[in-house]
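The whole structure should be built from the sequences, with the hints applied where relevant.
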Amino acid sequence: MSDKKSYINQRIVKKDAMALMAGKPLFTDDLTTKDYLIVKALRSPHAFAKIVSIDTSKAKLVPGIECVLTYEDVPHIRFTEAGQTYPEASPYDRYILEDMVRYVGDEVALVAGTTEKAVKKALKLIRVEYEILTPVLDFRKAKDHPVLVHPEADWVSMMPVGADNRRNLCATDGYTDGDVEAVLADCAYVVEGTYHTLANNQAMMEPFVTSTALDAYGRLVVTSATQIPFHVRRIVARALGISKSKVRVIKPRIGGGFGAKQTAVSEVYPAIVTWLTGKPCKMIFTRREVMIASTSRHEMEVTVRIGADKSGRLQAIDLYTLSNTGAYGEHGPTTVGLSGHKSISLYGPLKASRFTAEVVYTNTMSAGAYRGYGATQGIFALESAMDELAAKMDMDPMKLREINIIPEDVPVASYYGETFKSVGLQRCLKKAKKMIGWDEKYPVKDMGNGKVRAVGGALAMQGSGISGVDQAAVEIRLGDEGTYNLLIGATDMGTGCDTILAQMAAECLECDLDKISVHGVDTDVSPYDTGSYASSTTYVTGGAVIKTCETLKKKMTVLAAEKMDCPVEHVEFDGTRFYSMEDEKEISLSDLADASHFNRNDVMSASESFTSPVSPPPFMAGIVEIELDKETGQVEIIDYAAAVDCGTPINRNLARVQTEGGIVQGIGMALFENIQYRDDGMMMNNSFMQYKIPTRIDMGKIQVEFESTYEPTGPFGAKSIGEIVINTPSPALANAIYHACGVRLHELPMTAERIKMGMLALEK
Amino acid sequence: MKIKLWINNKVYEDHVEPDTMLLDYLREKGFKSVKCGCDTTNCGVCTVYLDGKTVLSCSVPVVRADGHRVTTLEGVAKEAEEFARFMAAQGAEQCGYCSPGFIMNVLAMAKELKKPTEQEIKEYLAGNLCRCTGYEGQYRAIRNYLGATRANYQLFEKGEVIEGVR
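So the sequences go chain by chain: A and B. Counting with the UniProt record's numbering, you get residues 1 to 764 for the letters of the first sequence. Counting with the UniProt record's numbering, you get residues 1 to 166 for the letters of the second sequence.
Mixed in with the good hints, there may be bad ones.
[As the list claims (entries may be wrong)] Below, in silico cross-link-like pairs of lysine-lysine (DSSO-like), each with a Cα-Cα straight-line distance of 30 Å or less:
| no. | chain 1 | residue 1 | chain 2 | residue 2 |
| --- | --- | --- | --- | --- |
| 1 | B | 4 | A | 117 |
| 2 | B | 122 | A | 756 |
| 3 | B | 4 | B | 111 |
Bear in mind the hints are in silico, worked out from the structure with no lab data behind them.
Structure below.
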């Protein structure tokens, strides 16, 4: 008999857990052999320069050097490295190598050789003559600046995103609903603030790694630590000027992504070397290269105005975002939208709202995708401003939120007119307050030793996939002994989606989890999936798993009816056997599988695709308790309470760890992670020595609770979890710091120095 | 330079460049559990034992291991697996890239500290960075592991039967 236990909302161990922890060779570099050439890039020392000449003759003489490539050796086809559905919103503004360099770290030349030592030596022997140009480094001055980052004639924006390279504009965005100015003019209370977030680095532990080789058919096989195998196939083919049919992309285990690997940062470089030389290559970024030559979070400056009536009911929100996409436009046009749409929509219904955004090019490292994708920046601004409004009204900031949380079943103008069907935010807020002891601790307690303890909170939201764009297909095959092969194109990057999707399949097919074998991504084998980003995998690919299981069950039932010689309407399936009560017949799944492999003209396999017209938001409340040293401004985190509505959690362990991990990453952004540029455009924080991510002694205690809702459009009621969890720490900490010492910080990171300077300014 | 060393109790005699790091040497010999995270001794990912003491192999020239005993995760597979079950039960391995170095240090800590407090555990392991988990799940796993493998140590939580742990 079948075991009817559920696999949904359970603590299930990841299928690859033990192999990962045994240190098995599962990552991209582990899978290469000694035959692979080492590829490294010569990087620009200048923020903006034209290459006048490159002399590679000496470099080529180094023993072991296979080739040295410059802009003269590669195709001149503009492309974007952004992993997005075609046609991409990100502009086509790169060549593989170009005679222009646009930031310190930009690729100047590629060297391939048999040893790392030879390659490093050759890099030093390349002589480059630059015509140094004046860079645009301040993103506040970039729009309509006389210096253009991308003046080139073949720059192209494929989508109507309001881009204009003659104005340094990568995109403009926005919407208006109602008359914001008129409504604000009638408000009893209006607050306005401008908030600045930095270009944080995702800092996943495995750097960017790609290996490339030609297979027996002369096709280019790209094995890469990527979140976007199908987009990489297209990006590499375009950049190299070859057919997509010539490219195959394989994704092994990945050592973290956080959005960094939603951009094809490393793939095209070894790919062009292999394509030109026919030899296998690999490129492994050093940590320094990860820091200075990849894609970061978009630095943003967000100005928000909130108006409320006498009782604190919000009437209007006006939000303007200026976003710095850096030297190239990866994800520039798309991240900025979330800073408005996925902040304003927390509250309502509003009488009016407006969002305006501009995305500018500068001569700093390109920005890209990073967990939260603009929502993090917008929520820092809005949720800080909410506390400023509460302070102005002399109201408990959590009470102010409570009376303004967006209700279910009303069209949300700031969220493309969608209607939310599952909003657990009231319960999240109530739970988080209880977890931290808000009513006892708000706002501040003097500890009598020069230190104070204070609490501060914030709400957050995100989406679940990109509505009307993302799609995922899966395939499930019935195999020997009644087991199944689940083929997916979604990319497990440590998050556990291989396991989560298998849990869903096991639930649908009523079988043991062990009976579902999952195949990681290989674009020659896996069905099409946009990839794992935009909080899409559980929701979108999960939706495809359910559809596919239903189709396969129908096919198997038809075959079972034939084998049992009874009407198909009589046949039922319990996970291990098909049976007909009426006809008193049965056939085991294992026997059916054998029968399906004997003299058949059909295949016991199904494949379905899923896409969603909506992107239902998960919600959460995060409240932090801090201890602040009034002598030094030092902040210590005591406790962090998080209550999350991700619909139905599919795997409670993994959802919990996602939440804890996201919160700590958010704490890093809020308190430590400080990207600073020198006046000449050189990034100073280019290693883990200078760019401090949180250690286990920096994060206090984190408590996580789930306030589940049931999202009717999601698989088993699920919404997303991956990104939302990074969104509360910055505003919650800013609000706690305000309660602790009266200093309102509008800029991240909130270092002890900034806090103390703020306290000294207040004393004056 | 000529060296002779023992890796996981097997002898290796080799000619190496004087600037070859232990990390690169070990990977070249097939010990792929040893990984590089930062190149600046900040992340702990490349942790191995040199004569039983933890070292960061990215910053140890392999010539310093001449005449010494090196141990990688592959050499402590059995003990590592025992702890790994507790990690898996929490879902705390996530991407797994930092797991080998982290587990090496946890096993060293378990030998060195008799009854560590929460603060002592966190301080001992502070050099092992993890970007995925936020460390809480790792901490739960350590507490449960210590609770299950030694007397007089309180379990973090009562052991639950969790699907997939074998």
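*When the hints from earlier in the document are held up against this structure, which numbers fail?*
Violated: none.
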